[in-house]
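Use these hints to put chain L onto chain X, whose structure you have.
Protein chains in written order, with the working numbering: chain X, 1 to 497; chain L, 1 to 324.
No wet-lab data here; the hints were simulated from the structure.
In this text the structure is predicted, and so the values were computed from the model without any measurement.
Take these hints with a grain of salt, some might be off.
One side of the interface only, derived from the structure: several residues of chain L facing chain X at Cβ under 10 Å [as the list claims (entries may be wrong)]: (1) Cys44; (2) Gly48; (3) Cys69; (4) Gln71; (5) Gln82.
In this text, a Cβ means the ideal position worked out from N, Cα and C, and glycines have one as well.
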Amino acid sequence: MNPSAQRITLDQWDQRYAELHARGLCEPTYGGPLRRHVREGDVRLLKLRMDNSAAALRLWNFLLSEEDRLHRARAEGKKIIGTMKDLGTVPVMAYSLDNAVAFYPDGAWWLPCVMEDRTGLLPIADSLGIDESFCPVRAMLGAFVSEAHFPIPDMLTCSVGATCDDVAAIAQRLAGLGFPILWWEVPHRRRPDPGEPSVELPGGFLAPASQVAFVRSELDRVREAIEACAGQRLTDERLSAGIAQANRVRRLLDELRRLGYGASPCPLPVLEMLIAEMLAIHFCSDREETIRVLEDLLTEVKRRASAGIGVLAPDAVRVFWVNPVADLRVMNLLEDAGGRVCGSEYMFCHALDAIPEDLPPMEALARMALADPMVGSPADRAERICRDAQRFGAEAVVISRIPGASHCGLEGTIIGDAVRAGLGLPVAEIEVPPISDSIEPALRTRLEALIETVVDARGTTFKSSNENCRGTTFKSSNENCSGTTFKSSNENCRGTT
Amino acid sequence: MNTVVYCSPFVPAEWIAAHGMRPSWLRPRSAAGRPRAGAARGVCPYAGAMVDTVLSGIEAAAVVLTTTCDQMRYAAATLERQGSLPVFLMNVPRTWETAAARDLYRDELRRLGRFLVRLGGKEPSPEELACAMLRYDDARVRRVGQAQRSPTEEDAPGLGGTALRLSHPTTALPQQERIPLALIGGPLAEEDSGLFDLIERAGGCVVLDATEGGERTLPAPFDPERTRTHPLEELVDAYFGSIPDVFRRPNDRLYQWLGEQIAARGVRGILFRRYLWCDLWHAELHRLRQWSPVPVLDFDAVGEEDSAMARTVGRLEAFLEMLQ
Numbered sequence: 001m002n003p004s005a006q007r008i009t010l011d012q013w014d015q016r017y018a019e020l021h022a023r024g025l026c027e028p029t030y031g032g033p034l035r036r037h038v039r040e041g042d043v044r045l046l047k048l049r050m051d052n053s054a055a056a057l058r059l060w061n062f063l064l065s066e067e068d069r070l071h072r073a074r075a076e077g078k079k080i081i082g083t084m085k086d087l088g089t090v091p092v093m094a095y096s097l098d099n100a101v102a103f104y105p106d107g108a109w110w111l112p113c114v115m116e117d118r119t120g121l122l123p124i125a126d127s128l129g130i131d132e133s134f135c136p137v138r139a140m141l142g143a144f145v146s147e148a149h150f151p152i153p154d155m156l157t158c159s160v161g162a163t164c165d166d167v168a169a170i171a172q173r174l175a176g177l178g179f180p181i182l183w184w185e186v187p188h189r190r191r192p193d194p195g196e197p198s199v200e201l202p203g204g205f206l207a208p209a210s211q212v213a214f215v216r217s218e219l220d221r222v223r224e225a226i227e228a229c230a231g232q233r234l235t236d237e238r239l240s241a242g243i244a245q246a247n248r249v250r251r252l253l254d255e256l257r258r259l260g261y262g263a264s265p266c267p268l269p270v271l272e273m274l275i276a277e278m279l280a281i282h283f284c285s286d287r288e289e290t291i292r293v294l295e296d297l298l299t300e301v302k303r304r305a306s307a308g309i310g311v312l313a314p315d316a317v318r319v320f321w322v323n324p325v326a327d328l329r330v331m332n333l334l335e336d337a338g339g340r341v342c343g344s345e346y347m348f349c350h351a352l353d354a355i356p357e358d359l360p361p362m363e364a365l366a367r368m369a370l371a372d373p374m375v376g377s378p379a380d381r382a383e384r385i386c387r388d389a390q391r392f393g394a395e396a397v398v399i400s401r402i403p404g405a406s407h408c409g410l411e412g413t414i415i416g417d418a419v420r421a422g423l424g425l426p427v428a429e430i431e432v433p434p435i436s437d438s439i440e441p442a443l444r445t446r447l448e449a450l451i452e453t454v455v456d457a458r459g460t461t462f463k464s465s466n467e468n469c470r471g472t473t474f475k476s477s478n479e480n481c482s483g484t485t486f487k488s489s490n491e492n493c494r495g496t497t
Numbered sequence: 001m002n003t004v005v006y007c008s009p010f011v012p013a014e015w016i017a018a019h020g021m022r023p024s025w026l027r028p029r030s031a032a033g034r035p036r037a038g039a040a041r042g043v044c045p046y047a048g049a050m051v052d053t054v055l056s057g058i059e060a061a062a063v064v065l066t067t068t069c070d071q072m073r074y075a076a077a078t079l080e081r082q083g084s085l086p087v088f089l090m091n092v093p094r095t096w097e098t099a100a101a102r103d104l105y106r107d108e109l110r111r112l113g114r115f116l117v118r119l120g121g122k123e124p125s126p127e128e129l130a131c132a133m134l135r136y137d138d139a140r141v142r143r144v145g146q147a148q149r150s151p152t153e154e155d156a157p158g159l160g161g162t163a164l165r166l167s168h169p170t171t172a173l174p175q176q177e178r179i180p181l182a183l184i185g186g187p188l189a190e191e192d193s194g195l196f197d198l199i200e201r202a203g204g205c206v207v208l209d210a211t212e213g214g215e216r217t218l219p220a221p222f223d224p225e226r227t228r229t230h231p232l233e234e235l236v237d238a239y240f241g242s243i244p245d246v247f248r249r250p251n252d253r254l255y256q257w258l259g260e261q262i263a264a265r266g267v268r269g270i271l272f273r274r275y276l277w278c279d280l281w282h283a284e285l286h287r288l289r290q291w292s293p294v295p296v297l298d299f300d301a302v303g304e305e306d307s308a309m310a311r312t313v314g315r316l317e318a319f320l321e322m323l324q
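Pulled out of the complex, with its shape left as it was, chain X reads as follows (with noise of 0.2 Å):
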């Protein structure tokens, strides 16, 4: 539909609204101008540069409405299950079911970025205790409290054990608010003792066969409740038809970012592979709809990378991107800055493994909630960081802490003493609050600096102008590594078309 691909602000984004409704854009319900979204409160989006495509206006709307979709779920009759610290297990269970949606959340720990503060959420977990010393999850807590986001679920279900205790600690704390939770283990993932019968997890991930099968018999629990709650039998039958599905998604986000994050030029803004990333925990609430949300945004993709189409410069410098942000914005400074994400980390990257289905489906989930990177050691996520990151064709890895979080006190010197004995390349480690305005400039100077770096190492003249790329088209080149001194440069152009 248009030929050009460019990340454009939200008022360039009401003219190119209008042009592709002139054209005749074909529109979910949910559809609509992204400006509206501004007039609900969601004013962050004027601060950020989106991409252009009818897939990306798809996308962010479907992000961006999932309350809505949750209010009708619930005035549908469904029963609605909120998964807290659980990324991309229950919700399978939950979506095999057809009166029955599950949520994250935790997810609302973007509210005050999106809507720039202006939620009251975070006075509202002032006001209970839970102050800025805890990662912004804490918005979850003034969510259920004023209910003037999500609906209150009809069933909470929480991991604990190996997760982080920002969750725990305020999950306990709607629990004393009288928010009735299901408790459900995740133990920390060891490696096997010598000799001990050991499971290969999805992800490549070795764990004791004993630690699998007791999150089976955790997973059993949870199942009986959402039975118990949605008033359906969850058999093995709808499971793995579950299951499948969900295989679905990740298999377009396999290739969504095969391709999203090898082909040069960069097909698409790292905002929208962020979110589209996301849509693996819980399916934004709607997993068919996801799975075409996802279909529109690889179509556009391939389209791109065939015609040698891209939003950034094709030697825009390749950066692996550990953790989440808080502040959306701030994958917007990268791009600014020079760089592309070629790869990334976002705590879930079991959500985006397929799971096993030759296998009887609990033991299927049991085995990915295991791999889930955050519940191993850090050694185990940073091996798996190095090694994705080497796949992708890495020249630098950007660690973003999460203010308060409590796993990113130490591990950002785990994880960057590995990728820098391992792989040999720079490594940058800054802190997201959810606003990051006020230190906007220092954030700007540091992925400078590290783009900068790797620049100074190819020993080429780098433009950091994103002015590059718009309008223009480019054909992807392996030119692009040719010189270059980095271990993985090689890499680079792989994937490419």
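Structure of chain L alone, referenced to chain X:
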């Protein structure tokens, strides 16, 4: 005899001792002259000091840490990467209402046992385990019964070196004139050794030590008969089945225990001590204040800080004046 250090009350000292090792409760201290993990933003001062202490060199054969707090989990990984001592990270389930969680804890004890054997320990027979359990149980009973104690007794056998503290007068103020207080929170560090004296000088008296390593985290007394017939099961129930703690989900039993003890000891005020960046205790402060039948004073520990002690003293004195 090899020493095995630990700093969680969910690591049974008698289990280590029964394997022929010397259990020692690690009281972390801030190490000078080396990079300080605790100085990093977001790192709990206690977890950071623990890392610093172990990395600075301690006389031990191994370190045993638990998953009862997320930062300790990451501290274990840091020590595995940077340190030279073997590190054992023990899974202690946060849920406790299912048989599966209890069994997981028991299996982790067995795994710890195999680790100790690899270190040169010896797998105990049921009789040897029962004997060690009863010896430690007896020592705990005697210690709890003491009205006074000397600080040098902290590492006495029988408690596995746990930091059980009971009030001991250091001022001329008669016991009955001091204000009975409960001290609630996480574990105490080496720098906190003067805290009890400080409280007493201000006119208070800790009659309930509910910190980690204090009497709150003592296991339930062992049943002698079951100890003889099923020692490991009794050990599991006494520790996993009875210790109330903030990390457990749900953690209502912590409040139940506190409520009983506050009433029984005539506590008139609660000193709530938490570390900066400790989410688990910090999140409970507001709830505790709403729940508590007596006033609560919050004082946070931020690690080494010149003004911290003066601030603590000032707040403590004001609190006790209010309680007069």
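Structure-based check of each hint:
1. Cys44: Check passed: Cβ of Cys44(L) comes within 7 Å of chain X, closer than 10 Å.
2. Gly48: Holds, about 8 Å.
3. Cys69: holds, 6 Å
4. Gln71: holds, 6 Å
5. Gln82: With a closest approach of 9 Å, the Gln82(L) hint holds.
The structure meets every hint from the earlier list without exception.
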